[in-house]
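Colleague: Below are the chains, spelled out letter by letter.
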Amino acid sequence: MSKAASFEGLPMSRIRPGRILAWTLLFIGGVIMVTPLLFMLSTSLKDASQVYDLRVIPETPTLDNYIEILGDGRFTRWFVNSMIIAVIVTLSNVFFDSLVGYTLAKFRFRGRYIVFVAILSTLMIPTEMLVLPWYLMASQFGWLDSYWGIMFPGMMTAFGTFLMKQFFEGVPDDFLEAARIDGLNEFTIWWKIAMPLVTPALSALAIFTFLGNWTAFFWPLIVTTSAELYTLPVGLSSFAVEQSIQWEKIMTGASIATLPTLIIFLFLQRYIVRGVMLAGLKG
Amino acid sequence: MATIELDRLVKRYGQTTVVHGIDLSIQDGEFVVLVGPSGCGKSTTLRMIAGLEEISGGEIRIDGRVVNNLQPKDRNIAMVFQNYAIYPHMSVAENIAFGLYRSKLTKDEKRRRVEQAAETLGLSQLLERRPSALSGGQRQRVAIGRAMVRDPAAFLFDEPLSNLDAQLRTQMRIEIKRLHHRLGTTSVFVTHDQVEAMTMADRIVVMRDGHILQVGTPLDLYEKPVDVFTARFIGSPTMNLMPASLREGGAELSLGGTIEVPRSSPKTSDILVGVRPQDLVPTAGARGLSVTGTVAVVETLGSETFVHIENSGQTIIGSAPGRQIPRIGDKLTLHAPAERLYYFDKVTEKALTAP
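First to last, the sequence lines map onto chains A and B.
Its first residue numbered 1, the first sequence is counted upward by one per residue in the working numbering.
Its first residue numbered 1, the second sequence is counted upward by one per residue in the working numbering.
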C-alpha cells in the first residue's frame, strides 16, 4: 500500500477538503435531527421517575406507557380524528387543486391571469392573519367544534393549485387534443389522461398535505373545544396542561403519532425526495 | 371515407391573419399532403379541419356536411400527432382501444378490432407493453393504430414522421402509403419535408404565408411550378435560378451567354431562368443552356454526383453520373436542354407559362 492510500484503498488525494466539510456538516445536521427523536423514543420507554435521567438507553425500559396510552380511549379517538381529517383534506386538495391547476394551465379564458394572480397572492398572507377571519366565519356558519370547522380552511390551497398548474403546463397539448378527437369530455380528459401524467406532482402534493394536516396544531386548537374532537397534537398537548406535564406520556403519544409519518416516508421516500426537488420547498 | 372541402377558410389570431381564405377540395379516398415552410398555416389548416382550432371565416365541409361548429369528436375524423400522443400510462392495447372510447361496440368486437389493427401494423407481439418500452417507429404505429381502429371518415396526420430518424422515416413513409392503399381512407398529411410530400401524395398543396400557392400531383409541381417558391421548394437539391434579360430572340444571362427563349413575354424584360440540378449535366446537347464555372464542391451520392460550380459569385448546382467525379478547382461546363428550362418573372416571381 502506498503512503497516499487510505485504509479503504481510496487514494487520499481524491478526498477533497470540500467533501470532508460537506460530510461533517451533514453529520452534525443528522445528529441535530435524530437526537430529539431518540430522546422521544427513549423517554417513552421510561417511567416517570426516570424522565429526567438523560441516558438514551433507559436503565429499566418499560412498555407501561404504551399500554396505558393505547388503552386510553381518548388517545385512540384523537388518532382517528387526525387520520380522518388528514385523509379528507388530502383527498380534497388532490382533487380541487389539480382541477383548478389544470383549468388555469390548459384553458384560455378571459381573466385567467387575474384569477391565477389572485390565488397566488393569498400565499403572501400569513396563517396568523387568517385565523381570526376563519374563526369568525366558522362561528357564523356554526362550524365551531366540528370536523368541518377543522378542515375547511385547508380543503384547497393556493400552493397546491400553483404546484399543479406548473405541472399541468408541462403536459403536451397533443395528449389532450388526441383525447378530444377520441371523444372524451373535458372532465374525463382531466381525470383519465392529464391526472395520470402528473402522478409525481400529485404524490408530492398528497404527502405534503397529509403530513401538514397530521401535525397541524394551531388551528385545530383554536376551533375545537370538545376533547373528543381533538386532533392528536392538540390531544397530546392536553397532557401538559391537565396532568402537570407527563413527559413520558407525551413522548409515548408522540412516538405513536410518528408512526404514520414514518410508514409514509418509508414507502413513499422516492416521491417525497422527488417532490421536494420538483417543488423546491421544505419537506 | 369522405370528401373534405375548404371554402374561403380564414384563421385569425387577434389582428394577425394566418390563413387567408383558402379553397381546397379533397376527393374521397385521396391522399393530400399540405407542404410548406414553418408558419405557412398548414398545421393550422389541419387543426381547423380536425376541429381543434375555431375557424374565423369560411366553411369546412366533410362529406358535404358543414362542420364549422361541430366538436372534434363529432366530425368522425382521426388524427395522428407529431409527438405520437400515445398515453404513457396505458399499454399498447389500451392505447389502441382508446380510439374506441365512445364506441358502442361490444367488448369482444372492440378486442377484435384492436387485434386486427395490431396485426396490420405489426404490433401483435407488443400489445401488453408500455409506450416507454417501444421504439419511435413502434410508437408512431400505435398512434396510427388508435386512429385506424375507429374506421374514421378521414385520417389527419400532423407531421407524424418528424421525430423519427431518417431511416425510420423512410420506412414509416412506405408503411403509411401502403396502409392508405389498403384502407383507401381520405387522408390529409402535413409536412415541411418536400421528399415526404413528393413520395406520399396523390396531390400536393403548397402553402406559404397562409395562402395556397399551387395544388397538383407531385409531377405537376415538379414539372410546372407556378412560381419561384414552389420551384425551389419542390425538388432536391433546389432549382438553380439565374437572372437574365429578355432581348430580341432570346435572353441574355447575367452569368454570360445567351439562350433561346421560345416566345418573349411582353410584360417583363427581367426574368429568372430556372434549371433543376438533375437536368444540368456535363454532356452537351444540341441547344439550350450552357454554364461554365469552377468546381467548388462535389457531393458524391453513389448513383449520381452533385457538382457545385461558381461563376461570377453565383453557385450553380449540376449533376454528373456517379463515376464521373470532377475535381475541385477544375473548369467545368454544364448543359441543360432548352425544354428543361423554367422561366419566371423576376419581380412577381410568377412562372412565365409561355415566355
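There could be a bad hint or two in this list.
[Claimed, not checked] PhoX-like cross-link-like pairs, simulated, lysine-lysine; straight-line CA separation at most 20 Å:
#: 1; chain 1: A; residue 1: K106; chain 2: A; residue 2: K192
#: 2; chain 1: B; residue 1: K346; chain 2: B; residue 2: K224
#: 3; chain 1: B; residue 1: K224; chain 2: B; residue 2: K177
#: 4; chain 1: B; residue 1: K73; chain 2: A; residue 2: K192
#: 5; chain 1: A; residue 1: K106; chain 2: B; residue 2: K73
#: 6; chain 1: B; residue 1: K350; chain 2: B; residue 2: K224
Everything labelled a hint here was simulated from the structure, so no lab data went into it.
Nothing here was measured: the structure is a model prediction, and the numbers come from that model.
Colleague: Tell me the hint numbers this structure goes against, listed in increasing order.
Modeller: Checked against the structure, the only hint that fails is number 3, while the rest are satisfied.
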